[in-house]
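Taken in order, these protein sequences are the chains called B and L.
In terms of my numbering, the first sequence opens at residue 1 and continues consecutively.
In terms of my numbering, the second sequence opens at residue 1 and continues consecutively.
Treat the hints with care, as some may be off.
Cβ-to-Cβ under 7 Å is the rule here; a few derived chain L residues that face chain B [stated by the list, open to error]:
1) 21
2) 57
3) 131
In silico DSSO-like cross-links for lysine-lysine, where the CA-CA straight-line distance does not exceed 27 Å [said to hold, decoys possible]:
4) L:160 <-> B:16
5) B:47 <-> L:3
6) L:57 <-> B:42
7) B:189 <-> L:3
8) B:42 <-> L:160
9) B:42 <-> L:9
These are calculated hints, taken from the structure and not from any lab test.
All C-beta atoms, glycine included, are put in the ideal place defined by N, C-alpha and C.
Chain by chain, the residues:
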Amino acid sequence: MIPAPFTYHRPQSLDKAIDLLAQHGEGARVVAGGHSLIPMMKLRLAKPEHLVDLQELSELRGIRGESSALIIGAMTTQHELIGSELLAARCPIIRETSLLIADPQVRYCGTLGGNVANGDPGNDMPAVMMALGATYRVKGPHRERDIPARGFYQGAYSTALQEGEILVAVSIPMPADRHGYAYEKQKRKVGDYATAAAAVTLTMLGGACTSAAIALTNVADTPLFAKDAGEALVGSGAGEAAITEAVRRAQSITSPPADGRGPVDFRVHIAGVMVRRAIARAKQRVG
Amino acid sequence: MAKTRIMLKVNNRDVETLAEPRMLLIHLLREQLGITGPHIGCDTSHCGACTVDMNGKSVKSCTVFAVQANGAQIITIEGLAAADGTLHPLQEAFREHHGLQCGFCTPGMITRAYRLLQENPHPSEAEIRFGISGNLCRCTGYQTIVRAIHAAAECMNSAKEAAE
């Protein structure tokens, strides 16, 4: 398959990349790892006239810990997320999720920024970032701003990112030391998008749940932050009754399409199963 | 559409060529450079038959533009055997352990296994299976491939110990 023609740019700085987007307007697209965009270009579902390759922008790479947050550069690959000792120690749900994305070859290329900014409801990281309460730092020609992950997704491939803006980094509030976490994903085979998946983070104190966040992947045209579902756990011992209520609330906001991954009822059911398992495992992991 | 000058190191040889930006790396390798080891299987980044090593990473060359690889070091199956024709331990092990039947997936499979063993010289069976999960084989059922990679790892490790 051969994509439509385009002009290729490989800027050496972020400012230059932003200039190129400003200059070429809606005909320009940035490419990070390319493993969502290039397949779309081969199918001619995407036909950018100018492709702005971000691979040289080292300022967009790397993982660092600040006192109150973890900052991950947008061009950091899934492979690098998996290998990060800092993330394994402080925010292991990221490693757990990365290992469920695509396959080894794709993970060498695929980036966190691409995964969260593309707006594909099948991507796994957006729900995780919603559960973690992450914010996205984006930069355009005139300003830099932060957008909460929970308010970023507007529809399939439609996000709060405006024309000319580039996602620079993801900022994750430092998770509590002994938090529980789990990303549960059902997929048909290696490399598949989720039939349904759930991200859960929670904290417990003296047997009571003190905070909980739940988010869902690929059961609507955007990732879903299941606020009410998380609240069903808070104040309880995260026992059977509270989990059942959380599952019910999470399922109530889903609206998956019927497709090769199953009919609607099945996918809603699986979403519930994923939420249930993720809560159980997160609870088990509380330190 | 204007062509771009592309410089690569392929199997330790400097290559300079011209390509349209939309040309995929797999097409550049196969059609322009005559390096036909990497195959086009699915053309949708699922099957792994087009796997090559790019700057120390296994990549599916059907999902990389040649211009993105400009300046990169590429290793394909053609670059694994020694200059005198001695097969790489992985190639030897695939032959010995029947790690292939039709052979279509083999160049991608071995090139991927090469990087896997560079990163993890003592993989468990589970790690081998996980490490090659981006490469599909429709013949072997993978058993003999896993066995071959395991055998190659042992062979490479004992050669390394002997050298030390």
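Going down the list of hints, with the structure as the test:
About 4 Å separates the beta-carbon of residue 21 of chain L from the nearest beta-carbon of chain B, less than 7 Å, and the hint is met. About 4 Å separates the beta-carbon of residue 57 of chain L from the nearest beta-carbon of chain B, less than 7 Å, and the hint is met. Interface hint at residue 131 of chain L: satisfied, since its Cβ lies 6 Å from the closest Cβ of chain B, which is below the 7 Å cut-off. Distance check on the hinted pair: residue 160 of chain L and residue 16 of chain B sit about 47 Å apart at the alpha-carbon level, beyond 27 Å; violated.
For the proposed pair residue 47 of chain B and residue 3 of chain L, the alpha carbon gap of about 18 Å is at most 27 Å, so the pair holds. Restraint check for residue 57 of chain L and residue 42 of chain B: satisfied, since their Cα atoms lie roughly 23 Å apart, inside the 27 Å limit. Only pairs whose Cα atoms come within 27 Å are accepted, and residue 189 of chain B paired with residue 3 of chain L is rejected, the gap being roughly 39 Å. For the given pair, residue 42 of chain B sits about 43 Å from residue 160 of chain L by alpha-carbon distance, which is inconsistent with the 27 Å threshold.
At most 27 Å may separate the alpha-carbon atoms for a hinted pair to count; residue 42 of chain B and residue 9 of chain L meet this at roughly 26 Å.
Figure legend: structure checked against the earlier numbered hints; hints not met, in rising order: 4, 7, 8.
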